[in-house]
Amino acid sequence: MNNPFEPVIVGFLCNWCSYRAADLAGTARLKYAPNMRAIRVMCSGRVDPQFVLKAFREGADGVMIAGCHPGACHYVEGNIKALKRFVLLRSLLQQWGIEKERLQIVWASASEGTILAEAVNRMTEEIRALGPLQWQPGRTVAQREPELAEV
Amino acid sequence: MEHKEKPKLAMYWASSCGGCEISVLNIGEHILTVDQVFDLVFFPCIADFKVSDVANYPDGYIDLCLFNGAIRNSENEETARLLRQKSKVMVAFGSCAYEGCIPALSNLTSKQATLATVYDDNPSLDNPEHIRPLEEAEVPEGMLDLPEFYDRVKTLDQVVPVDYTIPGCPPEPEQIWAILQVVVAAFTEGAPLPPPGAILGAGDRALCDECPLAREEKAVSRFYRPFEIDPEPGKCLLDQGIVCMGPATRNGCKALCPRVGMGCRGCYGPMEGVEDQGAKMLSAIASTIDVGDPADLDEEELERKIEEVVATLPDPAGTFYRFSMGHSLLRGARPEPEAVTEGGGS
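Just so you know, the protein sequences line up as chains A and B, in that order. The first sequence begins at -5 in the numbering used here and counts up by one. The second sequence begins at 884 in the numbering used here and counts up by one.
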């Protein structure tokens, strides 16, 4: 019953830079917070705002969108589109009472495993300080862990 | 004397403005045909029936029930359940019943805040004793009761199963008449009804598809509210920085608003396969933001410039979810902390 709060962060990582950064962080055996669940997308520009809203609704405490640095997008400017949506979505989420720290965008190239790891560490601590989001009361991720594990 | 019994028609308003009824009456002289073909059995706007009359009908007695209005209080919900029980075909009629519409915007705030605005904090109010309606009040004549005001506005399909949906705020009269003709043919000649769950009286594409305004490449460096700009005729409103929900809205109204220089407000709801209209609109509108050549800016400058453009869009939640809050992914603002503790967490 007395579990300390461990934030759940859903991370949308782009195939060409940030997912490889996470891969590098792994192969380099960097130690960082295990709170981010990585989902690989082809481009940060692929992240439909609906994905973010669904993640929050289904129990995420935070959502990280990670992509290539501006100017380095594999699809020229998918990440710029992602940034525009992110800025607007962040202001929208605040009207719903979702703090801005809960949605973050990170640029990490394929060689920047440390930058990604640091961003995950920093975001985990920021969300730990905010506490759980728990969008659907009585339906915490911890409670759902067994059913998710079966899948 | 033997004659075939007429199909029974009911129309009810829950939390709504009455515009849906006006729209039905706006089908013009066809209303006489409706009267010829149907027996009205419940229609508080135009005929005197009581809820007790409905309660006395056998189950399934009503052939077609057009239900408009959102579910704001316990009376709305009880009537919705009663009508569902008594009706063969239940239609969510209009944006409120379909997706919450304007009433569901109050899901962005709490019940307490809504009541405070209505009964206390308003310049036109004179309520020094802070009188609020009570669910139950003892008076010399006995106990009086009022319906319970809910924390959240719900849509009709969140309360009872719905057979068909007719979007729009209000639905367009021509579309209503077209649907009534289909229904009449089904009831009188045995023609097939549309597949269950269908959205009737609307298209399956974006509103832009039937909008006559000319579109070019979109690059918006600031957004305008309707009173801030005189739109250039014939030119796409979104191109001019006027928020127009066309790209994220189902067609069917023939782009009435954009034709007269007013951005689409999104009342026909999301297109086929889209769960969250506001999120789709957010995507579309964010992509139009122009910050010049991103290569000229460093990462912080870029974000700051985008923020400047976004700041010209006040109230994004109220704009993108003006009609669809009740059906949106998050349904409304984060519940009040006390509501969370009730659910067993903090």
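Keep in mind that the hints are not guaranteed to be accurate.
Derived pair list, reagent style BS3-like, types lysine-lysine, alpha-carbon separation capped at 30 Å [what the hints assert, rightly or not]:
(1) B:K1137 with B:K1101
(2) B:K1101 with A:K75
(3) B:K1188 with A:K94
(4) B:K1188 with A:K75
Since the hints were made in silico from the structure, they are not lab data. Quantities reported herein were computed from a predicted structural model and do not represent experimental measurements.
Hints, one by one, checked against the model:
For the suggested pair B:K1137 and B:K1101, the alpha carbons sit about 22 Å apart, so the restraint of at most 30 Å is met. For the hint linking B:K1101 to A:K75, the alpha-carbon distance of about 13 Å falls within 30 Å, and the restraint holds. As the CA atoms of B:K1188 and A:K94 are separated by approximately 18 Å, the hinted pair is consistent with the 30 Å bound. With a C-alpha separation of about 13 Å, the suggested pair B:K1188 and A:K75 falls inside the 30 Å cut-off, and the hint holds.
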